[in-house]
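> Okay, here's what each chain looks like letter by letter:
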Amino acid sequence: MNIQSAQYVNDENGQQSNMLKCVIDEINMWVPIDPANRHYEEIMQQVKTGDLTIADAD
Amino acid sequence: MSKAAELAALIGSQTALSNRNLIINGAMQVAQRGTSVTGVTGDGYQAVDRWRTNSGSLGTFTLSQSTDAPDGFATSHKYDCTTADASPAAGDFLIFEQRVEAQDLQQLNYGTSSPNRITLSFYVKSNKTGTYIAELALPDASNNSNNQQSYTINSANTWERKTLSYVGNTTDAINNDNGIGMNVFFWLGAGSNFTSGTLTQNTWANTTAANRVPGQVNLADSTSNEWLITGVQMELGEQATPFEHRSFGDELARCQRYLEVLPRLRGGVDGAGSTQRAGTVFQTTKRANPTITGTLYDSVSDVNTNGFAIQRSGNPADMSAGALADAEL
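Top to bottom, those sequences are chains A and B.
Once you know that position 4 of the first sequence is 4 in my numbering, the rest is easy, because the numbers rise by one and skip nothing.
Once you know that position 58 of the second sequence is 58 in my numbering, the rest is easy, because the numbers rise by one and skip nothing.
Hints were generated in silico from the structure; no laboratory data involved.
In this text the structure is predicted, and so the values were computed from the model without any measurement.
Where a beta carbon is used, it is the ideal one built from N, C-alpha and C, also for glycine.
Simulated restraints, written as ranges between beta carbons of each label pair: (1) B:A205 to A:Y8: 37 to 45 Å; (2) B:S274 to A:D58: 15 to 23 Å; (3) B:G307 to A:N28: 14 to 22 Å; (4) A:D56 to B:S114: 49 to 57 Å; (5) A:D58 to B:S192: 46 to 54 Å; (6) B:N157 to A:M44: 43 to 51 Å; (7) B:Q107 to A:Y8: 38 to 46 Å; (8) A:D58 to B:N304: 23 to 31 Å; (9) A:D56 to B:T208: 43 to 51 Å; (10) B:G307 to A:Q4: 25 to 33 Å; (11) B:A74 to A:D56: 45 to 53 Å; (12) A:Q4 to B:S274: 26 to 34 Å.
Output of the computed footprint for chain A on chain B, the stretches with three or more beta carbons under 8 Å from beta carbons of chain A: (13) 280-292; (14) 323-329.
Full structure from sequences and hints, please.
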């Protein structure tokens, strides 16, 4: 799984939503912040090892 | 004794007469992502549903749902080597895998004094004859417990049915949750890190890497190689029963717990006329909150196991095309 980018997103009220906007294996994906989701699990693994930083929301 | 009585005796008291198969899409019927993927060198879910490839840089393959199948089956899953690697590096490997959800395995009674045996059966065909390894692993176990057994493809290019019965596990319980309860690994090749030891058959243990697949042939050693499998069944008991065929609709619904292709969505315009919103409800409740893949929208929100909402600025015709909801293990 090649996670090229991950970014927090805000909801309509400007609050952080429960989703990450990501590009994984060249594909745009919306990944839920859910430890049971395999993409989120891998994202957090790479954050833990220092290989990935989740960007702030726009 | 009648045939029915013989079957009942064969199955035994621990095995159900229906819903026996713990494997989903064992007949390789469902392929929501597509029926063929070329140039596969890495991990991931490709071609038929629920099955994934674990690849550690061992060759390049085309994976496909094939119509080459044994009598009684319409489809199989095929690995076709397109770039060979006849000299794998020590850490290379190639595995065909299904991850089984933990809460569906509680009937195994693992981690108790009276665990149940399970039997894995499947039809396999390859030009590459020789020894292969089918391994079960328990990721919930603190010691990464696993259990290997070998099988032999005896005749080239001939469908053969294989049966492997695994002893129960008295020490490693499987969590009752929606995570991975068991990995079912069909090894297709490996480097010396996994092959240089001694194979101990049918024992649950934290096996040293070198002892996991000694003797395993290398399917990647020639571009002439292909390996096909179907009719995969894993069931309680020590006897393999005939493959339990399910309807396509039944199998699709089971697959949709983990992956669903979403229809095109069209949304309503908000009061200001500048934003479209749409919600969708999944056909099947997902295992976990799914990843949503798609391009024609600005944001995704309210994702849960039953559905989600999308939003797009402007007044476009479509909100989504070719989207997927992915809750695979």
